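Note that the protein sequences, when read in sequence, are chains L and P. First residue of the first sequence? That's 20 in our numbering, and the numbers climb one at a time after it. First residue of the second sequence? That's 195 in our numbering, and the numbers climb one at a time after it.
Honestly, the hints are just simulated from the structure, not real lab data. Worth double-checking, as some hints may not be accurate.
To be verified - The following label-pair restraints were derived from C-beta to C-beta distances: (1) P:I326 x L:A102: 40 to 48 angstroms; (2) P:Y268 x L:E59: 26 to 34 angstroms; (3) P:G206 x L:V84: 41 to 49 angstroms; (4) L:S496 x P:Q270: 25 to 33 angstroms; (5) P:R252 x L:N461: 31 to 39 angstroms; (6) L:A76 x P:H223: 33 to 41 angstroms; (7) L:M262 x P:L196: 40 to 48 angstroms.
Stated by the list, open to error - A short list of chain P residues far from chain L (calculated; beta carbon distances all over 12 angstroms): (8) D224; (9) E234; (10) D240; (11) T248; (12) T266; (13) F267; (14) L285; (15) D296.
What the hints assert, rightly or not - Quick list of in silico lysine to any residue cross-link-like pairs, SDA-like style, CA-CA up to 25 angstroms: (16) L:K599 x P:I307; (17) P:K222 x L:P331; (18) L:K504 x P:D224; (19) P:K260 x L:V123; (20) P:K225 x L:Q533; (21) L:K60 x P:D224; (22) P:K260 x L:E467; (23) P:K198 x L:D163; (24) P:K260 x L:M202; (25) P:K276 x P:D310; (26) L:K499 x P:I307; (27) L:K599 x P:K276; (28) L:K599 x P:P208; (29) P:K260 x L:T194; (30) P:K225 x L:N178; (31) P:K225 x L:I505; (32) P:K222 x L:Y181; (33) L:K504 x P:L214; (34) L:K599 x P:S226; (35) P:K225 x L:D163; (36) P:K260 x L:S496; (37) L:K499 x P:L228; (38) L:K544 x L:Q533; (39) P:K292 x P:L273.
Quantities reported herein were computed from a predicted structural model and do not represent experimental measurements. Heads up, the beta-carbon is just placed ideally off N, CA and C, and yes, glycines get one too.
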Amino acid sequence: MEMLNVKVNGIAVSVPKGATILEAARKAGVEIPTLCFMKEKNEIGACRICVVEATGARGLVTACVYPVTEGMEIQTNTPKVRAARKTTLELILSTHDQNCLSCVRSTNCELQKLCLEYGVDSKAYAGFKPTYELDYSVPHLVRDNNKCILCRRCVAACNEQYVSVIGANNRGIDTCIGHPFDMPLGDTSCISCGQCTVVCPTGALVEHDDTDKVWAALADPTKHVVVETAPAVRATLGECFGMPIGTNVEGKMVAALRRLGFDFVFDTNTAADFTIVEEATELLNRVKNGGKLPLITSCSPGWIKFCEYYYPEYIDHLSSCKSPQQMGGALIKTYWAEKMGYKPEDVFVVSIMPCTAKKFEIERDDECAAGAGNPDVDVVLTTRELSRMINRAGIQFTSLPDEDFDPALGVDTGAAVIFGATGGVMEAALRTANDVLTGKDNENLVFEEVRGTAGIKEATYTIAGLPVKVAVASGISNAKVIMDKIASGEADWTFVEIMACPGGCVNGGGQPIQPQYVRDTVDLKAERAKALYSQDEAMTLRKSHKNPIVAEVYKDFFGGDWGCHKAHEILHTSYVKRDKFHH
Amino acid sequence: MLKKVSTIPHQGTPEQAQRLAEVIAKYKHDKSNLMAVMQEAQAIYDYLPIEVQTEIARGMDVPLEKVYGVATFYAQFSLTPKGETHISVCLGTACYVKGSGDIYDRLQEELGIGGDECTPDRKFSLTACRCIGACGLAPVLTVNDEVYGRLTADDVPGIIAKYN
Numbered sequence: 020m021e022m023l024n025v026k027v028n029g030i031a032v033s034v035p036k037g038a039t040i041l042e043a044a045r046k047a048g049v050e051i052p053t054l055c056f057m058k059e060k061n062e063i064g065a066c067r068i069c070v071v072e073a074t075g076a077r078g079l080v081t082a083c084v085y086p087v088t089e090g091m092e093i094q095t096n097t098p099k100v101r102a103a104r105k106t107t108l109e110l111i112l113s114t115h116d117q118n119c120l121s122c123v124r125s126t127n128c129e130l131q132k133l134c135l136e137y138g139v140d141s142k143a144y145a146g147f148k149p150t151y152e153l154d155y156s157v158p159h160l161v162r163d164n165n166k167c168i169l170c171r172r173c174v175a176a177c178n179e180q181y182v183s184v185i186g187a188n189n190r191g192i193d194t195c196i197g198h199p200f201d202m203p204l205g206d207t208s209c210i211s212c213g214q215c216t217v218v219c220p221t222g223a224l225v226e227h228d229d230t231d232k233v234w235a236a237l238a239d240p241t242k243h244v245v246v247e248t249a250p251a252v253r254a255t256l257g258e259c260f261g262m263p264i265g266t267n268v269e270g271k272m273v274a275a276l277r278r279l280g281f282d283f284v285f286d287t288n289t290a291a292d293f294t295i296v297e298e299a300t301e302l303l304n305r306v307k308n309g310g311k312l313p314l315i316t317s318c319s320p321g322w323i324k325f326c327e328y329y330y331p332e333y334i335d336h337l338s339s340c341k342s343p344q345q346m347g348g349a350l351i352k353t354y355w356a357e358k359m360g361y362k363p364e365d366v367f368v369v370s371i372m373p374c375t376a377k378k379f380e381i382e383r384d385d386e387c388a389a390g391a392g393n394p395d396v397d398v399v400l401t402t403r404e405l406s407r408m409i410n411r412a413g414i415q416f417t418s419l420p421d422e423d424f425d426p427a428l429g430v431d432t433g434a435a436v437i438f439g440a441t442g443g444v445m446e447a448a449l450r451t452a453n454d455v456l457t458g459k460d461n462e463n464l465v466f467e468e469v470r471g472t473a474g475i476k477e478a479t480y481t482i483a484g485l486p487v488k489v490a491v492a493s494g495i496s497n498a499k500v501i502m503d504k505i506a507s508g509e510a511d512w513t514f515v516e517i518m519a520c521p522g523g524c525v526n527g528g529g530q531p532i533q534p535q536y537v538r539d540t541v542d543l544k545a546e547r548a549k550a551l552y553s554q555d556e557a558m559t560l561r562k563s564h565k566n567p568i569v570a571e572v573y574k575d576f577f578g579g580d581w582g583c584h585k586a587h588e589i590l591h592t593s594y595v596k597r598d599k600f601h602h
Numbered sequence: 195m196l197k198k199v200s201t202i203p204h205q206g207t208p209e210q211a212q213r214l215a216e217v218i219a220k221y222k223h224d225k226s227n228l229m230a231v232m233q234e235a236q237a238i239y240d241y242l243p244i245e246v247q248t249e250i251a252r253g254m255d256v257p258l259e260k261v262y263g264v265a266t267f268y269a270q271f272s273l274t275p276k277g278e279t280h281i282s283v284c285l286g287t288a289c290y291v292k293g294s295g296d297i298y299d300r301l302q303e304e305l306g307i308g309g310d311e312c313t314p315d316r317k318f319s320l321t322a323c324r325c326i327g328a329c330g331l332a333p334v335l336t337v338n339d340e341v342y343g344r345l346t347a348d349d350v351p352g353i354i355a356k357y358n
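If we strip away everything but chain L, and leave its shape as in the complex, we get (with noise of 0.2 angstroms):
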């Protein structure tokens, strides 16, 4: 590879040739700053905020987009540059509502630090400011486009989703964030993933916060107040306190919700150890009387809404397995409430999640195990709005100790653990099925080919004799390329995992914000899944089948086995045809 020699403020530093001045810069650790720069994902030189002296360049030069040249010198802290990103924030400014106060991304917000680092004067244009109204259209998040600086970041991660119902509308002045049409949000075809809220720099689009809900319920003496949380969020809910990226905080993260109020803190990963047995169930039932495969899994309200909007004749792929989350409420309101004597009505199930997509998926029809009316689960918190609640509630949340889940639905394996990252449930499900088809307790746990980061993993494992062939996809661009090989028929999968969010739930819509600078340095897929692996690797049970509560459940109150007719009252779902054009 033909490498370039540079200096970056004076520090020389050797790059491939092709490559940017900020790479270059970051190579030699000096810090340029960016606002609507993601790395492979929009370098659009749009924003300006990058702007340094080179030499051999005519005026400067945007270092996000400008690639070096043998012997160039790079200046990123002279005061013309200084004075020109200072000039270029305060224009952003000028059409900014600055409202920082009631904002909850102040103080995780890449515009407020950029502001305060360059001592900008925050009315040095006072001229025409746009106003515009919220979209409160959908059950997942808000828009304020008061807040938005027109980096194109949401419209990249919208690509990047395949579905696109993000762009830039108009121009000039007029430029703004929004759908076809002007329609609110809740008229397209989005799939709730979230990915847009993760990436904003400021807070134009943010989860829609339910903490209101869930402090009311908390006040009310006449609820039983239940929390379940999501494996994914074990893993980066410490980054919400300063902690470093991939701790696992499951202990503190219980010890927390115990000190909000809740009653009763429960696992998701439990309910994902009966995702596995139904799913296992359902995928042999398939394959011994010639059903629709590949088999699909549903744990991801995301991939759901995807397929029904964008491959509606394929939902019967999809497993009927209601999601873990799903699970979880539809047990906690029909199993726990009748061995504890309590009304469904009166038990209200929060869960924590690494999603925004759940905020959906409550909201569904047939997610009402309890009875018409009563859903599964009342109200989904993403792991940003419980670090908010602790933080209101005056929790230490780093020097909390480590408590355990409530055990009723509160054991889990790790089979559970890695549902949080791309390939886990398949995993998952191969531990299981393996044990089922070979009636042994086999001691081969690790599925090695379906690990890791890819967006596309395939593989092929012979389990009791028979060729299983697998594929896991997260990302919907890589979820695409999997249905359009199902759709032309030169799929030959049995089954198929699919998560909406690249990486799985630990890169989910509701996980912690971290700046775009962290996200194009650090792998946080790689690195919050690490977590979960690890406690797997460290748990004694690591099979779903082998989950005590797993056995009682089906014993005592289905009163079969897996995929038993009540089993499947309670814990299975449909799904509908969308038209991704019904506007």
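Once you've looked at the hints, dock chain P against the given chain L.
The following block gives chain P in isolation, referenced to the frame of chain L:
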């Protein structure tokens, strides 16, 4: 400029739909032909209502937002239908200093529509344009292909009456 979106229900003919389908069939092999398709679609319909943009999105297999983003970025695309009689008022510098702004206001008042709009009966539509090169006749407007010059606001009702 912020584009107005028509609230008048779209009325396309089967013949127009057929022509649009042919245009899409001709170009759909390459998504980068989107603008060409939109230009030909506008030639067929005079404007690009949501129904037509949706057909283009479906046919070209591109997101509807992408079509809409292009339609609202380029001045050449219109989101409002043209009336049988289309009036265009020059707001170029010469016409403007000679009072074409008043003429434009008066037209809006008489027709009961704003700029870049069409009357619900689709008889009249109104837009503003920049210099049409007839500054000697300022202020000017065009009605379909006819040019009217040296106007005052009081000439407006008479011009409208000729086409009503």
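Hints versus structure:
no. : hint                                : verdict
1   : P:I326 x L:A102: 40 to 48 angstroms : holds (43 angstroms)
2   : P:Y268 x L:E59: 26 to 34 angstroms  : holds (29 angstroms)
3   : P:G206 x L:V84: 41 to 49 angstroms  : holds (43 angstroms)
4   : L:S496 x P:Q270: 25 to 33 angstroms : holds (32 angstroms)
5   : P:R252 x L:N461: 31 to 39 angstroms : violated (49 angstroms)
6   : L:A76 x P:H223: 33 to 41 angstroms  : holds (40 angstroms)
7   : L:M262 x P:L196: 40 to 48 angstroms : holds (46 angstroms)
8   : D224                                : holds (18 angstroms)
9   : E234                                : holds (20 angstroms)
10  : D240                                : holds (18 angstroms)
11  : T248                                : violated (5 angstroms)
12  : T266                                : violated (5 angstroms)
13  : F267                                : violated (5 angstroms)
14  : L285                                : holds (17 angstroms)
15  : D296                                : holds (24 angstroms)
16  : L:K599 x P:I307                     : violated (33 angstroms)
17  : P:K222 x L:P331                     : holds (22 angstroms)
18  : L:K504 x P:D224                     : holds (21 angstroms)
19  : P:K260 x L:V123                     : violated (30 angstroms)
20  : P:K225 x L:Q533                     : violated (34 angstroms)
21  : L:K60 x P:D224                      : holds (22 angstroms)
22  : P:K260 x L:E467                     : violated (40 angstroms)
23  : P:K198 x L:D163                     : holds (22 angstroms)
24  : P:K260 x L:M202                     : holds (14 angstroms)
25  : P:K276 x P:D310                     : holds (9 angstroms)
26  : L:K499 x P:I307                     : violated (46 angstroms)
27  : L:K599 x P:K276                     : violated (29 angstroms)
28  : L:K599 x P:P208                     : holds (23 angstroms)
29  : P:K260 x L:T194                     : holds (14 angstroms)
30  : P:K225 x L:N178                     : holds (15 angstroms)
31  : P:K225 x L:I505                     : holds (23 angstroms)
32  : P:K222 x L:Y181                     : holds (18 angstroms)
33  : L:K504 x P:L214                     : violated (30 angstroms)
34  : L:K599 x P:S226                     : holds (22 angstroms)
35  : P:K225 x L:D163                     : violated (31 angstroms)
36  : P:K260 x L:S496                     : holds (17 angstroms)
37  : L:K499 x P:L228                     : holds (22 angstroms)
38  : L:K544 x L:Q533                     : holds (12 angstroms)
39  : P:K292 x P:L273                     : violated (30 angstroms)
The structure fails hints 5, 11, 12, 13, 16, 19, 20, 22, 26, 27, 33, 35 and 39 (numbered hints given earlier, in ascending order).
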